[in-house]
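Residues per chain, in single letters:
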Amino acid sequence: MSIGMVRPDLPLAAVNPVAKVAATIPLSIALVLTLDPVSAGVAIVCELIVFMAIGLGSLLWSPRTLPVWIAAPLTGLSMVLYGAPSGATFWEFGLIRISEGSLEIGLATMTRVIAIALPAVVLFLTIDPTDFADGLAQTLRLPARFVLGALAALRLVGSSIDDWRTLALARRARGVADRGVIRRSLGQAFALLVLAIRRGSTLATAMEARGFGASAERTWARRVHFGGTEWVVIAVGCLVAAVSVTAAVVTGSWNLVWS
Amino acid sequence: MRTGEPVADARPVEIQARRWGWRHGGRRDAAIAGLDLRIAPGERVLLLGASGSGKSTLLHGLAGVLGGDEDGESRGELLIDGRPPEASRGRSGLVLQDPDSQLVMARLGDDVAFGLENLGVPADAIWPRVADALDAVGLRLPHPHSTANLSGGQRQRLALAGVLAMRPGLILLDEPTANLDPDGVREVRDAVARVADESGATLVVIEHRVSVWLPVVDRVVVLGQGGRLIADGRPADVLSDRGGELRAAGVWLPTDVPWRAHAPGSAPPEPLMATAALDVARVPGDPVQRGIDTRVDAGRILAVTGPNGAGKSTLALTLAGLVRPDGGELAARAALAGDLGSEPWRWRSRDLLTRIGTVFQNPEHQFLTGSVRAELEVGPRALKLSSRERTTRVDRMLDALRLDPLADANPFTLSGGEKRRLSVATVLASRPRMLVLDEPTFGQDANTWRELARLIVELRDEGVGVVAVTHDETFVEAVADTRLVLAAPSDDGDERVGSASAPHGDSASQGTQRGVRA
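So the sequences go chain by chain: A and B. Under my numbering, the letters of the first sequence match residues 1 to 259, in that order. Under my numbering, the letters of the second sequence match residues 1001 to 1518, in that order.
Mixed in with the good hints, there may be bad ones.
As the list claims (entries may be wrong) - The following label-pair restraints were derived from C-beta to C-beta distances:
| no. | chain 1 | residue 1 | chain 2 | residue 2 | range |
| --- | --- | --- | --- | --- | --- |
| 1 | A | R179 | B | L1340 | 14 to 22 Å |
| 2 | B | R1247 | A | A13 | 43 to 51 Å |
| 3 | A | G227 | B | D1124 | 14 to 22 Å |
| 4 | B | R1140 | A | P11 | 28 to 36 Å |
| 5 | A | S58 | B | H1143 | 26 to 34 Å |
| 6 | B | D1190 | A | A13 | 44 to 52 Å |
| 7 | A | A189 | B | A1331 | 29 to 37 Å |
| 8 | B | G1226 | A | I197 | 23 to 31 Å |
| 9 | A | L81 | B | P1142 | 50 to 58 Å |
Said to hold, decoys possible - Selected chain B positions facing chain A (in silico; Cβ < 7 Å):
| no. | residue |
| --- | --- |
| 10 | A1063 |
| 11 | V1065 |
| 12 | R1089 |
| 13 | G1090 |
| 14 | D1098 |
| 15 | D1100 |
| 16 | A1106 |
| 17 | G1115 |
| 18 | L1119 |
| 19 | L1322 |
| 20 | R1350 |
| 21 | H1365 |
| 22 | G1379 |
| 23 | N1447 |
What the hints contain is simulated information worked out from the structure, not anything from laboratory work. Glycine included, every Cβ here is placed at the ideal spot set by N, Cα and C.
Construct the complete structure from the given sequences, taking the supplied hints into account.
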């Protein structure tokens, strides 16, 4: 069982992950500043066009993005039901009050969640954790100890998932699985922790025995480049943010959250 | 990509221990004390000793990974090439026992390159050395190959390649084959032999099973309790002169079978469970083995063997009523089920206790409490036995498996052999009619092996039906009554059960596994 393996044949898989993450930042900032349906709606349209154009269209409707498509309407719905009411009231029941204003906030929230989460999820599907670590360490110059330690720990997540399943079966075998789900899960979580620490310390020993953390200057077998393609990716991200903001301002729906 | 250079062009390392000792932080007694030992450059040493003799401590000391003052206290001197090991990073390489916990990177080539990067080798020089190292251990897979998809033997060879790429003058192996199936053991042993020949590096290997490494080493060093030197010399001399002491220390001598079972009683066995065309799967709908026809009898030991990936463990979990069959039939007979239905996976957890006991491959997966005594009480408590009956049963298990001095110890702090004994004892405390064991003898020394074998046969003679998934040919040959061989998964996804045979070749009557499809 492993996690975080990507198909290397995906478009954008060869692009420096740092650029892909950076490309999502301007839009995220812009959409957090304002709460209106237009900016986020335009952003979603732009995202769909861009991802389909570069061949990532199939990922937009994949099981991995499904949580986004489910969570966004739910978030929107809660705003419709409980959001600050204004304008005409359509329906009232206890604390629930659906009004013109809360409908608008609900729509704005839903589109926002999609516009921010969708590119993040799709782009992350094209990022191999190893490449990401290389990017963080070589492009952003984060400390190698930290980055590689985190990367190695990520490998253990797969083992932990297997452990968790086996722990559950073992509890059934030992006759304690009929009741007390909460208490049993806590105990199981503790056992998982013990196993994870054990594995982690073995891994740490193996890494240390291979010179990790030695005082010598570390080299990198995989060279990370940051060139034209990376800048284009970031530029596209900025462009989408700019188009969204412009559309919102032009249509008069730009609405700073603190105003 | 081969450079044609030797895999390790570094000079072989000389090892010198002078009155060396190490006490782990928080322990009262030293793991090893007053050790005097010299190993000449290029020597290949097999390091033997009972658990608690400090073998691993010595190996970790040589690798320079014991840590600093906060991790423990060092006495005397331990030098490689006249310098402390911590100051000679890259001169030694260490391969550990657990194949799962020492892979650092997700891709094969990256994992081998990891050590070279740490040593500051220029990037251009790294990849040819990675190719050479992979070649030397016989792993001819593309560099981006996922390390998660490797078998145990391949993982250990990969770890060896990672060490080798650093061109160490000293190769340290800490039970590198203890967790592998017989094919994996051979793969790794042969790779080490080739590497040692090509590189001329000094080699120190710890292993219980002497016969595996005998063809490779030219010296045997035996440590006693606390690192006392018991024997040291040419393999043949040490093994013949010190056989008794070595056996007492749990060392597996070549051709040794620690204990043999007598044949089971002649009464026709009563079936507890039978399967017909059973498909087994961890993940529903994705069977790892299909079409299994087998039977579990009271008073018989059924060994399930086959290569890695053949679905042995999954079959064990299915027979144990922990995983639902993925197809075909599995029926518990009345002798096992009692007043319950014939589908064990539908039984309540508590109902399993007196019917089917399961011993998992890793004992730590099944520990629930903070002390050995409490651990043994889990089953009896779930059965709502009176406190007197509980105490009686627990005391008997403590005594039978020599766990009484450890009654208050935390299960997680026990040694490997003690953990195994405890995991078996916890299951027996609820007296199941059927016992399922997943690799009961894996990585055990000869003493624990003998105890387990005796215990399992005693249970058989009391009428318990035993299923043991195992790679251990000695166990199958000396202990099992019938054998079920699962075939390796084939590429077309149409796995079939392989052949069946009677391990006790001399007594055909207790013979063949009934109804196994050839």
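Practice item. Output the numbers, in ascending order, of every earlier hint that fails for this structure. Key: 2, 6, 23
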